[in-house]
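Colleague: Going by our numbering, the sequence shown opens with residue 1, and the numbers climb by one from there.
Heads up, some of the hints might be wrong.
Said to hold, decoys possible - Cβ pair distances, simulated, as ranges: (1) LYS54 / GLU32: 28 to 36 Å; (2) ASP41 / PRO64: 38 to 46 Å; (3) PRO64 / GLN31: 43 to 51 Å; (4) TRP79 / GLU32: 58 to 66 Å; (5) GLU61 / ILE22: 36 to 44 Å; (6) ASN72 / GLU44: 46 to 54 Å.
If you are wondering where the hints come from, they were derived from the structure by calculation, not from laboratory data. Note that the structure is predicted; figures quoted are calculated from it, not measured. Cβ atoms here follow ideal geometry from the backbone N, Cα and C, with glycine treated the same way.
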Amino acid sequence: MQTDKSEQMRSVAADTRGKHRISAELKRLEQETRFLEEELDQLEKMEAASAACKEILSNVETRPDPLLPITNGPTNPSWDRWFEGPQDKSGCRCWIL
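Please construct the entire structure, taking both the sequences and the accompanying hints into account.
Modeller: Shown next, in the form of structure tokens:
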């Protein structure tokens, strides 16, 4: 008789813990659903990314970089030879070019 009562108490306690876990999981899922719905609403209100990218690109292209000096050509033309390939490629024996 004593064991029947203790088993019933254990099953009731286990049942309430199970209900609590299910309830907590349900609340978490509802919260996640709410967050996803809010994010979807924000995305729907947002303008197309391509339009924003075009606007940024046009702004960046029209303004010079303040950190780079403005030059109208090479200040020292002898430096160009380091950045150009060889004029006569048949005479070049390097394997990269």
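Colleague: Taking the numbered hints from earlier one at a time, note which ones the structure violates and give those numbers from smallest to largest.
Modeller: Of the numbered hints given earlier, the structure breaks just one, which is hint 5.
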